[in-house]
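Novice: As you go down the protein sequences, you meet chains A, B and C in turn. The opening residue of the first sequence carries number 272 in our numbering; numbering runs sequentially from there. The opening residue of the second sequence carries number 31 in our numbering; numbering runs sequentially from there. The opening residue of the third sequence carries number 17 in our numbering; numbering runs sequentially from there.
Hints are not guaranteed to be accurate.
For each label pair, taking beta carbons as the anchor points, the in silico distance ranges come out as [stated by the list, open to error]:
1. A/309 <-> C/271: 39 to 49 Å
2. C/299 <-> B/163: 23 to 33 Å
3. B/46 <-> A/325: 44 to 54 Å
4. A/303 <-> B/522: 20 to 30 Å
5. B/417 <-> A/396: 28 to 38 Å
Quick caveat, the hints were computed from the structure, so don't treat them as lab data. Note that CB positions come from ideal geometry on N, CA and C, so glycine has one too.
Below are the chains, spelled out letter by letter.
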Amino acid sequence: MKTSFPKSLVAHRKRPDAALGLGLLLISMVGLLHIWFGRWESGPGVGSWLIPLIAYLCMALAAIVILWSPLAEISENDETEPDVRCPVVVAAAWAILLFLTVLNIGLMVGTFAAVLLATWCLTPRDQQAWLPILFTSSLAAVGFWFIFGILAPIIV
Amino acid sequence: MTADILATVTTLALSPAVIFAVLTGVLLGVTVGAVPGISGDMAMALLLPYVFTMDPAPAIGMLMGVYKGGLFGGSVSAILFGVPGTPGAAATILDGFPAKEAGYPNRALHVALYSSVAGDFAGVLVLVFVAAPLAMLALSFGPREFFALYLASIVIIAGLDRGRIAKGLAAAWLGVLLAMVGRDPFSGAERLTFGLPELGSGLGLIPVLIGLFAVSEILLQAARTWRESNSGKTNTIAAADKSLHYLANDHLGWREFRSLWRPVAIGSATGTFIGALPGAGATLAGFLSYGLARRASKHPERFGTGSLEGVAAPEAGNSATACATLIPLFAFGIPGSGSAALIGAAFMMQGISPGPTMIDDNMTIVYAIFVLLLIGGIFNLLTSKLLLPYYSRIAMLQPRYVLPVVLGLAVLGTYATNNVAFDVWVLLAAGLLGVAMRLLGVPIAPLALGFILGPGLERALRQSLILGHNDLAYLVASPAAIAIYAASTAMLILLFRAHSTRP
Amino acid sequence: MNRVIRSIAFVVLSLPSAAVFAEFPNDRPIRVVTPYGAGGGIDVAARILASIGEEHLGTRVDVVNMPGAGGLTAATFVREAEPDGYTLLISDYTPLVTLPLRESTPYSTDDWLPLVQVTEIAPTFVINASTGYESLADVLQAAKQKPGALAATHGTFMSSSHLPLLRLEQNAGVTFNHVPTSGGGETFQFLLGNIVQLAVTTPATIIGPARSGRVLPVAVATANRISALPDTPTLRESGIDIVMPVWYTIFTTSEVPADRVRLLAERIVTAYASTEAQILAKRAGLEIEPRGLEDTKQNYLQTISTVADTLSGLRE
Numbered sequence: 272m273k274t275s276f277p278k279s280l281v282a283h284r285k286r287p288d289a290a291l292g293l294g295l296l297l298i299s300m301v302g303l304l305h306i307w308f309g310r311w312e313s314g315p316g317v318g319s320w321l322i323p324l325i326a327y328l329c330m331a332l333a334a335i336v337i338l339w340s341p342l343a344e345i346s347e348n349d350e351t352e353p354d355v356r357c358p359v360v361v362a363a364a365w366a367i368l369l370f371l372t373v374l375n376i377g378l379m380v381g382t383f384a385a386v387l388l389a390t391w392c393l394t395p396r397d398q399q400a401w402l403p404i405l406f407t408s409s410l411a412a413v414g415f416w417f418i419f420g421i422l423a424p425i426i427v
Numbered sequence: 031m032t033a034d035i036l037a038t039v040t041t042l043a044l045s046p047a048v049i050f051a052v053l054t055g056v057l058l059g060v061t062v063g064a065v066p067g068i069s070g071d072m073a074m075a076l077l078l079p080y081v082f083t084m085d086p087a088p089a090i091g092m093l094m095g096v097y098k099g100g101l102f103g104g105s106v107s108a109i110l111f112g113v114p115g116t117p118g119a120a121a122t123i124l125d126g127f128p129a130k131e132a133g134y135p136n137r138a139l140h141v142a143l144y145s146s147v148a149g150d151f152a153g154v155l156v157l158v159f160v161a162a163p164l165a166m167l168a169l170s171f172g173p174r175e176f177f178a179l180y181l182a183s184i185v186i187i188a189g190l191d192r193g194r195i196a197k198g199l200a201a202a203w204l205g206v207l208l209a210m211v212g213r214d215p216f217s218g219a220e221r222l223t224f225g226l227p228e229l230g231s232g233l234g235l236i237p238v239l240i241g242l243f244a245v246s247e248i249l250l251q252a253a254r255t256w257r258e259s260n261s262g263k264t265n266t267i268a269a270a271d272k273s274l275h276y277l278a279n280d281h282l283g284w285r286e287f288r289s290l291w292r293p294v295a296i297g298s299a300t301g302t303f304i305g306a307l308p309g310a311g312a313t314l315a316g317f318l319s320y321g322l323a324r325r326a327s328k329h330p331e332r333f334g335t336g337s338l339e340g341v342a343a344p345e346a347g348n349s350a351t352a353c354a355t356l357i358p359l360f361a362f363g364i365p366g367s368g369s370a371a372l373i374g375a376a377f378m379m380q381g382i383s384p385g386p387t388m389i390d391d392n393m394t395i396v397y398a399i400f401v402l403l404l405i406g407g408i409f410n411l412l413t414s415k416l417l418l419p420y421y422s423r424i425a426m427l428q429p430r431y432v433l434p435v436v437l438g439l440a441v442l443g444t445y446a447t448n449n450v451a452f453d454v455w456v457l458l459a460a461g462l463l464g465v466a467m468r469l470l471g472v473p474i475a476p477l478a479l480g481f482i483l484g485p486g487l488e489r490a491l492r493q494s495l496i497l498g499h500n501d502l503a504y505l506v507a508s509p510a511a512i513a514i515y516a517a518s519t520a521m522l523i524l525l526f527r528a529h530s531t532r533p
Numbered sequence: 017m018n019r020v021i022r023s024i025a026f027v028v029l030s031l032p033s034a035a036v037f038a039e040f041p042n043d044r045p046i047r048v049v050t051p052y053g054a055g056g057g058i059d060v061a062a063r064i065l066a067s068i069g070e071e072h073l074g075t076r077v078d079v080v081n082m083p084g085a086g087g088l089t090a091a092t093f094v095r096e097a098e099p100d101g102y103t104l105l106i107s108d109y110t111p112l113v114t115l116p117l118r119e120s121t122p123y124s125t126d127d128w129l130p131l132v133q134v135t136e137i138a139p140t141f142v143i144n145a146s147t148g149y150e151s152l153a154d155v156l157q158a159a160k161q162k163p164g165a166l167a168a169t170h171g172t173f174m175s176s177s178h179l180p181l182l183r184l185e186q187n188a189g190v191t192f193n194h195v196p197t198s199g200g201g202e203t204f205q206f207l208l209g210n211i212v213q214l215a216v217t218t219p220a221t222i223i224g225p226a227r228s229g230r231v232l233p234v235a236v237a238t239a240n241r242i243s244a245l246p247d248t249p250t251l252r253e254s255g256i257d258i259v260m261p262v263w264y265t266i267f268t269t270s271e272v273p274a275d276r277v278r279l280l281a282e283r284i285v286t287a288y289a290s291t292e293a294q295i296l297a298k299r300a301g302l303e304i305e306p307r308g309l310e311d312t313k314q315n316y317l318q319t320i321s322t323v324a325d326t327l328s329g330l331r332e
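The whole structure should be built from the sequences, with the hints applied where relevant.
Specialist: What follows is the structure in structure tokens.
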């Protein structure tokens, strides 16, 4: 039941593990430098830098293993997996939009507008019809009003 | 248990509010489980901000109802459409979907239901009889034994997925690091806050858990749906044949189910054991049960073509983990899985700290919860049997309607916990981190568990150093600690071997 | 036309002043801010007031949880709110006394006006009954002989369970090996397992085990013995002059007008003393004994001086 996608939308999976390993290594190095040069307090039980130190060291070790060892997962080059990185960020931006509109304009209005926008964007071109989208958006607005206005009220 | 404790427990557990909560939970769970894209774990995470306003017994009852319901609900979609509604149902597809294709989905669904309930009961029994004695044992533990436990948990969690050990370990220690943000409880100093006062109390448990488990999955689903809608492809499940072809004699007889006792027993036993281990989850239990049942079966060649044994085993297995995963939580305060972590968070919000003293201190509530777990299983059986025909319709709900609503629930629900906008930013950051991890093949559970166990790990280590006057030998100078290290090493080796026999 | 407009304007403009002359507190709800998350003792005390407050105070009472930064967030919020008596803070002494004395905060101890002390909790020193020690004196003697060898637990760093331990060390000239724990459960566990020899905790945590004889409370850091542990001597009785109770008190800021302060204090005391409040408190396991303006202020000032002494003793 998999669908196939045009090549332009497929993520380019050139050794993603290399990027992961390097990224981890970078974080660990920065962290270790921070512990060495930063202001850390010592206190009961050696100091607040103890566990962070252990954590950075273990992460660095893991990063090295990822970069060099065959134990690391061989990436499945899934040709049919679409490139989702951009849409993910857009979806996260939508969530921020929802939050800000609800906070500044109103719970029901914000929910209705945001859900409307999202559902419309997610509907394939050939299936776009206003009625079901308007209906579900209104349903969502009322539902959210009940949950966040009555059951567990939020300060707006 | 004395007679009046029994009486109090029964009145507490059987009060209408509580029963209603469990029933709602089960219905919600199966519904959510049936819809691919939202899982039981996600629903539990989303419910946390509300559950908080309830009393402990209905709160936990509802959450566990959702969890159990979810474990079965995932199978509906697995059998009918070949897509697991929850990760735990992945192994059910192997024989469940072929069963439907061969024309007897009804029998497969009923086998799945009864096996689920059987496994579930096995889990509850083990929890009830094992948790309290284990907790008593844990009461004699000191900081170095706890350090051994926490360390062993983190390593086992990371080491379970054989192909991704290094990634798992990296994720686990990253989780521990994230838990270090905020004030050091020992010295009062601020750590890793980068000058942001909002980080002074650390990253909230709820935004991180909901972000990692729920939001990351939703963001990915939304992204995939968008790509699909833009490329002109329609939603695969909704487009699937809406009529289910039943064979004329597609009914499950009692005799036939009874003949499945062996895979059910294997599944229940495996699931209980795996569920009790930190880090092991329903998915592993499902596959392991499948593999073991196939080896023990008289007709192994039928597996993969629609054998009902191949449906019974993984279903019993994954459902047995439901209550078994609570064992380390109740006994040691260590959540062994994401779901247990969510239950643990719910306990903490109710003012009950999971740990060895939990059962002692809150005996009435804990025993009431045991009763509720049994009730939850019964409700699951009854309601699912009645509503099976309708659940298949639910699985066809369009993601484009479901996803925005669920994401909105996650965002506003998180905000509702403390009315602090920063929590929402943490939620989204955790969600994006989760997406990155899923795309890079890094397992999420170790990070969540590292985050939860981090403070305990640090506390145990530093307390040991204080008590041992900075002598490292003190850490291992206890027989219990050595036993824990030895046992976990042995377990790792065993699991390693078991992996190599997986199909 | 002009006259109509002028008379309307007159009516409209006089409306706000009409509001000023209305009784305090009028239709606006009173907010009680808590510095810790929901579910703790302070939160429960606040919620008790919220549930019965309307009939005693004349307006709705809302609880607002503002956890964060060890109480700093909530305290700063109340400090910066309008000093009109509608925003109150219920807290223990850590955010209001310990914090400003240790770090620089946007407020000092003078900025707070204590209204009503709701309850008082005694820091309790507890030992394991089976270790051979029978009183605090025994423990102190052993500690004197082996400085740093005996271990004692306490809660969060510099919290209201840590400071009494520090004060005891200063006063008696001993040193313990300090083991911070995550709370009552862990403290109790370590004590029972003889991992530590002394624990500083609250009566509620150990009252059960004390009755069954597994632990022995040896001293309380209050002025008088407490009803929950009638056989436990106070530190003063044992020859150690330390009084450091933990109070939960409702505060407002010092700029609020005196008449509103008095009104609030009277009515809150009545509210907490009422039978419904007492029933709710019992159910939640809290002992509520409201104190009026003067007593509360005394306790506040005494705590400030004790904590200041303890902290300066540490710096030497």
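Novice: If a hint holds in the structure, say so; if it doesn't, say that too.
Specialist: Quick rundown of the hints versus the structure:
1. A hinted range of 39 to 49 Å for the beta carbons of residue 309 of chain A and residue 271 of chain C is consistent with their spacing of about 40 Å.
2. The supplied range of 23 to 33 Å is met by residue 299 of chain C and residue 163 of chain B, whose beta-carbon atoms lie about 32 Å from each other.
3. The hinted window of 44 to 54 Å between residue 46 of chain B and residue 325 of chain A holds, with their beta carbons roughly 51 Å apart.
4. For the pair residue 303 of chain A and residue 522 of chain B, the supplied restraint of 20 to 30 Å holds, since their beta-carbon distance comes to about 28 Å.
5. Separated by about 35 Å at the C-beta atoms, residue 417 of chain B and residue 396 of chain A satisfy the suggested range of 28 to 38 Å.
When each numbered hint is compared with the structure, no violation occurs for any of them.
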